[in-house]
Each structure stands twice: as structure tokens, then as C-alpha cells.
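Peer 1: Chain by chain, the residues run as shown.
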Amino acid sequence: MRKIFFDHISTTPVDERVLEAMLPYFREYYGNPSSHIHEQGQYALRAVDGAREKVAGLIGATPDEVIFTSGATESNNLAIKGVASAYAHRGKHIVVSEIEHFSVLNALMPLMNRGFEVTYVRVDETGLVDPDEVRRAIRDDTILVSVMHANAEIGTIEPVEEIGKLTRERGVLFHCDAAATGGKIPIDVNRMNVDLLTLSAHNMYGPKGVGALYVRDGVRVDPLLDGGFQEKGLRAGTENVPGIVGFGKAAEIAIDEMDADAERLRHLGKALWDGLARRVEHIHFTGHPEKRLPGHVSFWVEFAEGESLLIFLNLNGVMAASGSACSSNLKAKDEEELVASHVLKAIGVPSDICTGSITFSLGKWNTREEVDYVIDIMPGIVKRLWDISPAYADYIRQQSGGQKS
Amino acid sequence: MSIGPYSQKVMEHFMNPRNVGEIEDASGVGEVGNPACGDMMRLYIKVEDGIITDAKFRTFGCGAAIASSSMLTEMIKGKTVEEALKITNEAVAEALDGLPPAKIHCSVMAEEAVKKAIEDYLQKQKEKTGE
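For the protein sequence lines, the chains are Z and A, in the order given. Position one of the first sequence corresponds to residue 7 (the numbering used here), numbered consecutively onward. Position one of the second sequence corresponds to residue 199 (the numbering used here), numbered consecutively onward.
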């Protein structure tokens, strides 16, 4: 059976060129960058610095503003907790959007236990943050605003430039979680006026276990880990040299290929969107119709539950994601953890429907033929679930003028 | 085949659910929902001489919800009303070779549906004899 990976928002395959670049740093060049008196350490140090230049180049930063981490979760934690700790004397108020990733929302919890206050800015029904809402939320004691570049679940791209402009005017630091957009759409930390920005390598055809936090020159961040003085003292621990080299290569490739890839993905995404809209009845797309990630199509279908859709898609070889509580938390220890997606709740999707959302996220190696295949199988899958849905039976009866049994 | 945390039995019932549909002159109907995750099950039973002779269902929900509904209809057919009332959610889950911990509520939904359908049947019986 053919296999189609439409879940690039969860992770991406490692580019062959990235893997090739990494391999020597397991075998030939195994040095520790901190031990650079000898040649092995020199190789490693040069490799890490080279990668730093490339990642900086991807976002318009200078190399010494890039701190390598273990991934987006660590970067978000470092940004939120690190700034809170370093600027607590100035104020204890933080503003975030209500659709941030858990690694932002949950990083705020221990801060709130320590007396910090958080204002959650609402989003509209397309998932957009209103910069005026951010402006109104900022107080004299606000030290940080954190709004993501794009939301993974619904694909909406936020107006970060406008938000950056107003945080700059108010003298408040601005952190942006760009895990979903890094290497996918252009990022310029100066045009966006961000002070801190989170990147993830495995979402841009790089390896898992490596990410970065951009920290604008002059911005203070307290480290999460106590230890050595790697990464300007902001991230103790021996660098993940092969991972960082892979991240650098992925950044280099993205700089060259991002625009063409994005253009192609935009076309494929539009074809998928239009095809589903044409072929699947009772479909509701989520997120913003235009301001969205290239190749990202998210929706829910009335009377068809998300996890059941996902299982049938998987049985047909198609791998996708669902905002469904039931599917995203299959490993949950108990039912208490089964909560509907906070993102779908935030955009006003009723909680019983929150379980029905599907996210197709395409990547650089997906084809038009794969898009057509998915469009072809969706109506049949949806029909199978409708056939056993009590609400659909009622709906059909209502349509034909009958009564609910 | 088993998928992720689901047993082969769950997948088999999910892909080929037994007794999907409605019974026009049902003796009892039970409808239960789980607003937390949006699941909903509607169970129809036909009772003749105290024995459940037919059962049909429609369910909106995840793989475990659909499989639990299907398995339940298999289990109650041919049983007396008293026997059916004794079916527990554990028995449904066991018959499916187990459910993931987070999905136990799906088997609970099945147990509640049969209790409600029988309640409805007994109520209707009472109304009949009252006439």
C-alpha cells in the first residue's frame, strides 16, 4: 500500500543532504567544542560556529545572537522563564496569546506560582491575534509579550510585525515561537522587531533534538541549567555537535529553497483545500483562509469524529494529525487528560466538534498525485462514519421532513 | 492488524461494525453521550418474551466508542433482560481484548446505553399494562 505523509507539522523527514553533513561528526570529527586546543575540538568548534552562522542567516540575526538548545520546547522555556527571572525586578506581568504551544503555556505555570500574572489575549474565529488587544493588555509592569509566528493546528500566521512594532514602542520584550514557520516562510528578526525567537530543526528537514533561541544583543536571559559556560553561559552542557551541524545544513538549504518550496506548497495546499471543499459535504475549514502556512489544510467534518477519520486515513496509508482530544492523547493515563484542543476552543469550535478536527500538513516531497488521492478517498471515509452516526441519521430525517425516532 | 494502542479485536469491530442501524418497532431505545469528548451512542433493542432478540446501534465517536458499541450489541443478543442488565463495562472491554486506559469511558458508554434501553423498555411495558 502506498504511504502518504501529510503530517509535516508534527515533524519532517531529515533531508538526505542534512544527514550526509551530519555523519562525519559521529565518525571522523567527534571532538568537544569546549576542548579546542587539539584538532578534534577545533573541528567541532568550527562546525558549531559554521552552523550558527547559517541559522543566524536564516532569520537575519548575527551569529552571536543564536543559542543552540535541545529543541523548541527548551527554547520556549528558556525565553519565558529566562526573561521572567532576569527582569522580575522590573515587573511581573506577561502577555501571551491563548493559542500558544504547551511549552509556552505550561512554562508560565511555575511563574504564576511565584507571583507572576499572565494575560491571555484572545484570537478571532480565524485564529488571528488582534495587535490592538495586545496593546490593551500591556501594563506598566509588563516585561514580556509572547505570540507565535504560526499555529501548527490551524495554520494561521499571526501579525507578528505589528505586534513587534508596538512592543518596541512600549519598551516590552517580544518573544515569538517560530517552530512552525522556521525554514518554511521568511523570518527577519529585525523587521519583526522580535527580541527572542524560537526555532526547531526537525520541523525544517533537520534532525530531532536540536533547536535554537535567538536572543537579541543586549537582552538578558537567565539560564535554565547550571553547569558549564557553553552557548554564552545560557545553555550549559556539551553541544549536540552532529545535531547542530544538521540544523545548520537544514538552514542553508532552506535559505536557497524556501521560496520555491513555499510556492509549490501553496499550490498543493490550495488544490487540497478546493478539492475537499468540492467533494466533502459538511466540511468546515479552520484557521485563516489566506494568512496561513503553505501546504497546511485543517478542517472538521460534521457527524464524523476526528480519531475515527484518522484511523481510516491511516488504513488507506495516509498519515495526518487531529486536534482530537481522543487521538492526540491516546497514551493519556486517564480520562482526565482527555480535553478538547485549546486552540479549537479558542476559535469558537463547539467542544463536541473539537474532537473532529483534522490537519493535513504537506512537505517538500509531497506531490499533486498524493493530493488527488487524498481528495478521492475522503468522501468514502466520511460516508462510512456518517452511516453509523446517530446525529447524521437524525439530520437526514430532518431533511426529508421526518421526525427524530 | 492492531493500530497504535488498539487491539486487533477493536480494529476488527471498528472496520466492520456489527448491527449498525435502527429497529423501527424497537421495544426500547437508550441514548447516552459523553460531552467531554463528544461521543454519542444510540442503542435500539427488540425484546420478546423477556429475551433481547435484536439490537442495533448508531455511534458518533472514536475507534474505541464504535468498537464498544458493536461488541455490546453482539453480547446482549439472545440474553434475557436481567442478564443484559448485568453486563459491565469491564466485560465489554475484556471482550475487545482490552481498551487503552484513556478509552475506558467508551465501554462505560456502552454499559449505560444498554441500561437506558432496558429502562425505556420497562417503562413502555408499564405504560402498556397501565392501559
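Just so you know, the hints here were simulated from the structure itself, not pulled from any lab data. Quick caveat, the model's predicted, so the values are computed rather than measured. It cannot be assumed that every hint is accurate.
[What the hints assert, rightly or not] These stretches of chain A come out as covered by chain Z in the derived footprint (C-beta under 8 Å, 3 or more residues):
id, segment
1, 236–246
2, 275–286
[What the hints assert, rightly or not] Looking from chain Z toward chain A, a few residues come up when the C-beta cut is under 10 Å (computed):
id, residue
3, L316
4, G354
5, P356
Idealized CB from N, CA, C, for every residue including glycine.
Peer 1: Tell me the hint numbers this structure goes against, listed in increasing order.
Peer 2: Violated hints (numbers, rising): 2 and 4; every other hint is consistent with the structure.
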